[in-house]
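Student: The residues making up each chain are set out below.
Protein chains: 2
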Amino acid sequence: MRIIIDAMGGDNAPVEIVKGTLAAATKRPDVEMVLVGREEAVRAAMGQQTPANVTVVNATEVIEICDDPATAFKKKKDSSITVGLNMLKTGEGDAFVSAGSTGALLSAATLVVKRIKGIRRAAMCPVIPTAAGQAVLIDCGANAECTVEYLVQFAYLGSFYASHVLGIKNPRVGLLNIGAEPSKGDSLRLATWPVLQAAGERGEINFIGNIEAKEAIKGGCDVIVADGYSGNIMLKTIEGVGSYLGGEVKKLFLQSAKTKIAGLLVQSGLKAFKAQLDPDRVGGTAFLGISKPVIKAHGSSGAYAIENAIYQAVRVAESAIIAEIEANVDKMKVEITQS
Amino acid sequence: MRIIIDAMGGDNAPVEIVKGTLAAATKRPDVEMVLVGREEAVRAAMGQQTPANVTVVNATEVIEICDDPATAFKKKKDSSITVGLNMLKTGEGDAFVSAGSTGALLSAATLVVKRIKGIRRAAMCPVIPTAAGQAVLIDCGANAECTVEYLVQFAYLGSFYASHVLGIKNPRVGLLNIGAEPSKGDSLRLATWPVLQAAGERGEINFIGNIEAKEAIKGGCDVIVADGYSGNIMLKTIEGVGSYLGGEVKKLFLQSAKTKIAGLLVQSGLKAFKAQLDPDRVGGTAFLGISKPVIKAHGSSGAYAIENAIYQAVRVAESAIIAEIEANVDKMKVEITQS
Numbered sequence: 001m002r003i004i005i006d007a008m009g010g011d012n013a014p015v016e017i018v019k020g021t022l023a024a025a026t027k028r029p030d031v032e033m034v035l036v037g038r039e040e041a042v043r044a045a046m047g048q049q050t051p052a053n054v055t056v057v058n059a060t061e062v063i064e065i066c067d068d069p070a071t072a073f074k075k076k077k078d079s080s081i082t083v084g085l086n087m088l089k090t091g092e093g094d095a096f097v098s099a100g101s102t103g104a105l106l107s108a109a110t111l112v113v114k115r116i117k118g119i120r121r122a123a124m125c126p127v128i129p130t131a132a133g134q135a136v137l138i139d140c141g142a143n144a145e146c147t148v149e150y151l152v153q154f155a156y157l158g159s160f161y162a163s164h165v166l167g168i169k170n171p172r173v174g175l176l177n178i179g180a181e182p183s184k185g186d187s188l189r190l191a192t193w194p195v196l197q198a199a200g201e202r203g204e205i206n207f208i209g210n211i212e213a214k215e216a217i218k219g220g221c222d223v224i225v226a227d228g229y230s231g232n233i234m235l236k237t238i239e240g241v242g243s244y245l246g247g248e249v250k251k252l253f254l255q256s257a258k259t260k261i262a263g264l265l266v267q268s269g270l271k272a273f274k275a276q277l278d279p280d281r282v283g284g285t286a287f288l289g290i291s292k293p294v295i296k297a298h299g300s301s302g303a304y305a306i307e308n309a310i311y312q313a314v315r316v317a318e319s320a321i322i323a324e325i326e327a328n329v330d331k332m333k334v335e336i337t338q339s
Numbered sequence: 001m002r003i004i005i006d007a008m009g010g011d012n013a014p015v016e017i018v019k020g021t022l023a024a025a026t027k028r029p030d031v032e033m034v035l036v037g038r039e040e041a042v043r044a045a046m047g048q049q050t051p052a053n054v055t056v057v058n059a060t061e062v063i064e065i066c067d068d069p070a071t072a073f074k075k076k077k078d079s080s081i082t083v084g085l086n087m088l089k090t091g092e093g094d095a096f097v098s099a100g101s102t103g104a105l106l107s108a109a110t111l112v113v114k115r116i117k118g119i120r121r122a123a124m125c126p127v128i129p130t131a132a133g134q135a136v137l138i139d140c141g142a143n144a145e146c147t148v149e150y151l152v153q154f155a156y157l158g159s160f161y162a163s164h165v166l167g168i169k170n171p172r173v174g175l176l177n178i179g180a181e182p183s184k185g186d187s188l189r190l191a192t193w194p195v196l197q198a199a200g201e202r203g204e205i206n207f208i209g210n211i212e213a214k215e216a217i218k219g220g221c222d223v224i225v226a227d228g229y230s231g232n233i234m235l236k237t238i239e240g241v242g243s244y245l246g247g248e249v250k251k252l253f254l255q256s257a258k259t260k261i262a263g264l265l266v267q268s269g270l271k272a273f274k275a276q277l278d279p280d281r282v283g284g285t286a287f288l289g290i291s292k293p294v295i296k297a298h299g300s301s302g303a304y305a306i307e308n309a310i311y312q313a314v315r316v317a318e319s320a321i322i323a324e325i326e327a328n329v330d331k332m333k334v335e336i337t338q339s
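One line per chain: the protein sequences are H and U, in this order. Heads up: the first sequence begins at 1 in my numbering, then just goes up one per residue. Heads up: the second sequence begins at 1 in my numbering, then just goes up one per residue.
In short, the hints are calculated from the structure, not lab data. Misleading hints may appear alongside valid ones.
Since the list gives no way to pick out one identical chain from another, each pair is judged satisfied if it fits inside one copy or across any two copies.
[To be verified] Below 30 Å or equal to it, Euclidean Cα-Cα: the simulated DSSO-like pairs (lysine-lysine) are: (1) K77 - K117; (2) K260 - K250; (3) K19 - K250; (4) K184 - K214.
Given only the sequences and the hints, what does the whole structure look like? Please build it.
Tutor: Now the structure itself:
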């Protein structure tokens, strides 16, 4: 198993990327890790640490946030993203991890590594915390404008991710909507529901119907199917409310000596509470639908997030998810002319 | 000032509705309140309390959740919603409050009381808590499918609500989107942005551009403009995460004798924390765009929520918002043919 890591992507590159990689390399000596980026900077960040399972591949260019995401990887042929994805394509690694620009990474993955044949669009599928554990939210921003077929494919992709990568048996798939009844929602939801219902009846996915955002947060399903626009609204609202209420809870204990003592008394519980809100625990989100595992880590990733994104990449690469998608892609075809 | 209250709407009618009305009547002796519903049941709920400013109007029918929302008010001519809205229409009251079926109330308000001339669709505009205070979210479910013109009208309506009812000076209006740049989002957002930008440049609204959900929760704007589908996703996600994390915080203090003591030490702060999460504080949401004030209270409203919905109805009726909308409706026209 060999994971390729973009050493230059994200706000804290290369130092935190290198740090996270070294931490993962120590804990997983069975996994080879390849850091791609400006060799001098990467080696400087490594310092005295040179584990046997970490190698460095030089790439002189860096794709910046200001670069045009659609063309950056072509113009900067020696960028860490372009070099890393070409290595993935030619089999010099089993998965690619990057905290770089989402748009540039998605364009490059789509055009260099390519989508699985028959898959219309790659989707992002972050794992969100719920009151019952976790759920996959697919898509959450890669595709602002969706068709029925995209949503149907997301349902299968998310279901395969939940079962193959998260180990959830017979994952419950819900269509994110503003009411539970099939008659609820906009025209996209109205047209998608019967196609998912039919897939459920054929036993291809475990479709439980429409799910409201509130029920999804309660843990009402394992896979939340959304267009990239509304999935992103949901994801960012979760992050926003989590951060806001996390801050309020913190303030609760900082008011006086008395409340500070209270903080000490609930210390272990508070730690667990904070961990629940920590997006870095998961690491990143896979681009599902790409023919090889590509993991996008958050742009603000620190070492801990990168370490977890690497473990996630290992899990995705070890799973049979891509073979499963390829074997089932014919079932995901939708012949509907949309208005 | 006279507020008409649907005594039969919602899960806890008539007992909690009557209780909330009596509480409001005691605190606001200057406001007349008219309870509309099955007189016997309403009087039974009132018991010995017969304040001078509360009257009862008999209506023998009740619109149930299972009734068709589009036609229920016509079929049940003697329902509390139909009778109450007809009283509002003919000037026998200044505002109507109901915790009944959203769909039935919206249809009835639209067809009995009518929309303001030129307004394409009425919208729901709940006030949500943010890290900086509060924001108006418009729409959040009345209109699943929206056009550019609807969104543009929502921007004006929400802006007028924020200034006239909440007292926010020059409210900052943001278009809910998945990125801050004008180039972000789906085709609806791409087409709406320039129209709002132009309205901002003319000084008619204080348009600050696109706003991401996370920034909105931080308090980045005072009015969040959304189609009813994604606005509902945002609202229900806030409710879901709030309830989930509220529960986790509660658990934090229930683990042992030690943590229970901690709970006592932060008691006052905890109370304030819970209040922030309490949707009943606001009471309900106005149907903006209807020619008279109609307030929808949550279906699960207890007495406290109804009491607050009545105060909210008073504020809306006292404000100049409807005259302001009427005076500005010509500015909200959009001549775009949408794809």
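Student: State for each hint whether it applies.
Tutor: Status of the hints after comparison with the structure:
In this assembly of identical chains, K77 and K117 lie within 30 Å of each other by CA distance solely inside one copy; the values are 25 Å within and 59 Å between copies. Both within a single protomer and between protomers do K260 and K250 lie at most 30 Å apart by alpha-carbon distance, with minima of 10 Å and 17 Å respectively. Proximity of K19 to K250 under the C-alpha cut-off of 30 Å is restricted to the intra-copy arrangement: shortest distance 28 Å within a copy versus 37 Å between copies. Taking identical chains as interchangeable, the C-alpha atoms of K184 and K214 lie at most 30 Å apart whether they share a chain (15 Å) or sit on different chains (26 Å).
The structure agrees with every numbered hint stated previously.
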